[in-house]
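Peer 1: So you can see what is in the structure, the chains are spelled out below.
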Amino acid sequence: MTIFELMDTPEEYRPNPDELLNALKKEEEHSKRGKLKIFFGMCAGAGKTYDMLKSAHEAKAKGIDVMVGYVETHKRKETDALLEDLAILPRNKIEYRGVFLEEMNLDAILERKPQLVLVDELAHTNVQGSRHTKRYQDVLEILDNGIDVYTTLNVQHLESRAEAVAQITGSIVRETVPDSIFEQADEVELIDISPEELLKRLAEGKVYAPERSQQAVQNFFRKGNLTALREMSLRLTAERVDQQLREYKQTQHITGTWKSSQRLLVGISASPSAISVIRWARRMAYAMNATWIAAYVESSKQLSDAAKKQLNSNMKLARELGAEVMTTGNEHVPNGLVHIAQQQNVSHILIGRSKQYRMFANTLYDRLIELSGDIDVTVVGDHSSEHVQTKNHVRLFEIQSGWSQYAVVTLIVMLVAVASYPLTVYAGYQTVSLILLLTVALLSLRFGVGPVLLAAAVSSMIWNYFFIPPRFTLTINKPQDMLMFVTYFAIAAVTGTLTARVRAREKAVHSREERATALFTLTKQLTAAKTQNEVAEAAGKNIASYLNSEVAIFLSEPDGDIFTKAHTASTFKIDEKEFGVAAWVYWNEKKAGKYTDTLPSANAVYYPISGPRYPLGVIGVKPRDGKQFTMDQESLLENFIAQIAATLEREQLNEMAKRTIVYAESEKLYKTLFNSISHELRTPITAIMNASEGLLFNQQSSSDELHSDLLLDIHTAAERLNRLVENLLDMTRLESGQLALKSDWCDVRDIINTSLNKLEKELSHHKIQIRIPEGLPLVKLDYVLIEQVITNLLYNASLYTPHGSTIDIETHIDHHELMITISDDGPGFPPDTVQKLFDKFYRVPGTRTGGTGLGLSIARGFVEAHKGTITVANKSTGGAQFTITLPAEPQPSVIVQ
Amino acid sequence: MNPLSAELLVVDDEVQMRRLLRATLESAGYHITLAENAASALQNAETHRYDAIVLDLGLPDADGIEVLKKIRAWAEYPIIILSVRSSEEDIVTALDAGANDYLLKPFRTGELLARLRTALRHAQATSSASTVVKVHDVFIDVDNRVVKKHGVVVKLTPTEFALLNLFIKNAGKVLTHNYILQQVWGPKYEGESQYTRVYVGQLRKKLEDNPDSPKLFATESGIGYRFVPDE
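Those protein sequences? They're chains G and U, same order as listed.
Position 50 of the first sequence, counting from 1, maps to 50 under this note's numbering, and the rest follow consecutively.
Position 1 of the second sequence, counting from 1, maps to 1 under this note's numbering, and the rest follow consecutively.
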């Protein structure tokens, strides 16, 4: 909560200074993210590490607590010397395939918490078994913990430049960092060195050992390369400076407005060529100072597994480069893109030119331009190599169905052909074509477009070769046969593809519908959930069934602090290691675990349930088939989690509201209690004090009769006090919400007898009639509580009916329900009071003093704790009748010996 | 030994309660030693052999249950708990730790004296190991497995007899459901209190004058049963 929100709250809620201070502190902590400085260079050997260490020394001289997290000096003498008097944190040794590899010890840094940490080689990829896949993720976590970081980075490791560098130098860069980290950096220091100088240093063996130097100069460190890299790094730094300047201007003059009215949308596909389009889009967005969206238009066409994987990685790349990724369902790519563009107020659409469908491409662009209206459209050329293209052609067939499907289809067609071979004798060869046509049509109900087309082709060839005379040749003599052959192929192909496509669309609609249903079911159940526990249960159940996964749920504690145990709705076991992952996700509010770059060795993926103020919990998901979620599933899960978060948030607010209501109610209660109890307490105390005083001071003078009267007064008063205290204690048990039933198999007859024995004195002037059927089974209930209920009812009857009245107690079991009726032939209740009889502290007006109005309310509380009901009515024959109904499960058999 | 001249150790931290107990018990003829905390209670119990102990649970220096367990480790004589702790768990805990009886404060003087009397009498009875019990019109010869009511032989099943035998051996003592189940049916039956309910009901039907108002087998609400062969 910010201070302003606190100040805006209405008069009734005044925050105390402590709360304000806490809020301030929290906010301060949040803003205390560490600062990142990048020593940026064009390639290895530029002197980044050296400069970083020198800066570290300067910081140390200023009294800053500097530690070396990880620095690689490559045995360069000058650099080694600089490292000497800096404190170095021990590295982590991680075993990987039998070899111990050294990594930065992230936990040691977080625990030691220096002010500044030096982390070399930002683009480094960690050994498997580390928390994060990439070192830059380690750095982000260090920054999140309020520690400043100095790090080094080469231009070729920037995600958006990697490809360009590959084109320049011919070597592919695998270790990359997202550009966002470069942009986030608080300071970037360019370490510039002229190519000549660098080559000289190489030659002197200052960068690599001599034998490696030779090799390096030949491959990577060519002068042309170096110049290009230098230009690239200089330009990037210049762009950054420009951007900073613009930002500065904006914040000075127009605070609070959008960074830019420009919004860019890039259409992405499942093809590898999309990568370069995405990079293009990022550069353009950066230059335009615009926010950008990467959109994928999903059609009914099914993607192969490989394509899905490519699409996932394209989306991931876009996200890493700072795009907002969206998916929409539409058969036509231009329509889908324009739809999103209009919805998102996009000013500029960017799409790549694909070589794949060059024939149709023009219509695609035309359509896009036609639809887009005043939105600019840019088509980016495809720069990816031919190698990728050929692969795409192959995929045309491969995309939708596996090879096995083609084989199956061919086999079926052949079998049908063989089976219909004898038919030719009776029905003629034309009929066979109809049978084959039917086969192809039927196949299209089960197989994709590719296999069906193949079936059409194969069947037409078979028909031609084996059936159309002259047989066993592909020649066709008669013109009508020729016509039939061509028509056959056309019909087979058209019906086949159409059916297959309709089916695919149906499937897509179906899966979308399924998603909608899933979401609807969850939402409905969440709306019905009344407590956080119910929310967790609904969440667990739905995720488990719709995503076919095992689920673990962790909720935040009421104080917003850590959760200690997995919620009972969880379906898989959480050990300490898994819990550690969940805790990391909770505190960092980022997804982690299996299939992610953070803590990938976990057994499940963990998603944070983020609330607007603090994390609400964590959901761990373990797919039963052990496969990573598809995009569909992932987006469904994200929707689920958003819903769950909203509901949890609602529940938390409800609980807060409830607490306020409870407070108001308890104040009212306090007043009633105060009035009623103070009277009830003071009366007997007064009696005791006065009577005992009389005894103390008039020991000699008083008569024996007075003596015993006074003693009787004390006794009666004490009994009254005792009853009150017992009632209050019972009430407290009920009100505290801690009333736990100790249910046990009980004999109702025994309970009633115990109550009657207790009230022997009070009931001595009443006639009691008990009707309990012989062989009434035992009933599972809390003996003491039900005994209390019956005692309270009987005691009431004894108080409010005249001497000589009859009290009837009747019990029976009917349809798994135990009924206990207690009735009397007294005056009954005034009709208008019946509604209020069970209310706390309610007393029928005009009744004699000496009651608290708690007895019936306690009785109702205890009965309801058993999930039973208690009602009261006036009998038609006069007198009151209380009916208790309690659930009675059948008694387990007792083996009689 | 006349139970009324028995020596009692009374442990309670409240001075008012000690005064009240001394007055009540001395006027009933008992010899009283008072202790106000666990330390002095243990010291007294170790240096002198009492006939019974009346013990409060809420002591300033230790929990009364601990005192109970320590004394029970060497002493057989009755220990009666007098406490404000009213939850069934507390009562069952005390009984399982070896208390003979449990009285809730506020208690009635008459009730306390009656319970003490019962406890002392049966402590004596068990030590003299009598196997023949005669209550009201019921005659029980444990050794010969003979039970008679109004002079007529009552047939008991083996389990009923085992249960009755347990009650006789622990006459006057409150037995918890689980204790009874363990002793008669074995440890596997823990928690199956329907057995005790059914069997006690059968014993009542066979031996009580009026099973609806049992005098021999008293129910202790939520705790268990007590065999009361007196009055």
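It is possible that part of the hints are untrue.
Said to hold, decoys possible - So the derived label-pair ranges between C-beta atoms look like this:
#1 THR568(G) <-> GLY98(U): 47 to 53 Å
#2 LEU695(G) <-> GLU66(U): 49 to 55 Å
#3 SER40(U) <-> LYS565(G): 40 to 46 Å
#4 ASN533(G) <-> GLU89(U): 22 to 28 Å
To be verified - Partner residues aside, some chain U positions facing chain G, computed with beta carbon under 10 Å:
#5 GLU89
#6 ASP90
#7 THR93
#8 ALA97
#9 THR131
#10 GLN194
#11 ARG197
#12 VAL198
#13 ARG204
#14 ASP212
#15 ALA218
Don't read these hints as lab results, they were simulated from the structure.
All values reported here derive from a predicted model rather than from experimental measurement.
Virtual Cβ for every residue (Gly too), placed ideally from N, Cα, C.
Peer 1: For every hint, state whether the structure bears it out.
Peer 2: Hints, one by one, checked against the model:
no.: 1; hint: THR568(G) <-> GLY98(U): 47 to 53 Å; result: violated (37 Å)
no.: 2; hint: LEU695(G) <-> GLU66(U): 49 to 55 Å; result: violated (40 Å)
no.: 3; hint: SER40(U) <-> LYS565(G): 40 to 46 Å; result: holds (44 Å)
no.: 4; hint: ASN533(G) <-> GLU89(U): 22 to 28 Å; result: holds (25 Å)
no.: 5; hint: GLU89; result: holds (8 Å)
no.: 6; hint: ASP90; result: violated (13 Å)
no.: 7; hint: THR93; result: violated (14 Å)
no.: 8; hint: ALA97; result: violated (19 Å)
no.: 9; hint: THR131; result: violated (23 Å)
no.: 10; hint: GLN194; result: holds (4 Å)
no.: 11; hint: ARG197; result: holds (5 Å)
no.: 12; hint: VAL198; result: holds (5 Å)
no.: 13; hint: ARG204; result: holds (9 Å)
no.: 14; hint: ASP212; result: holds (6 Å)
no.: 15; hint: ALA218; result: holds (9 Å)
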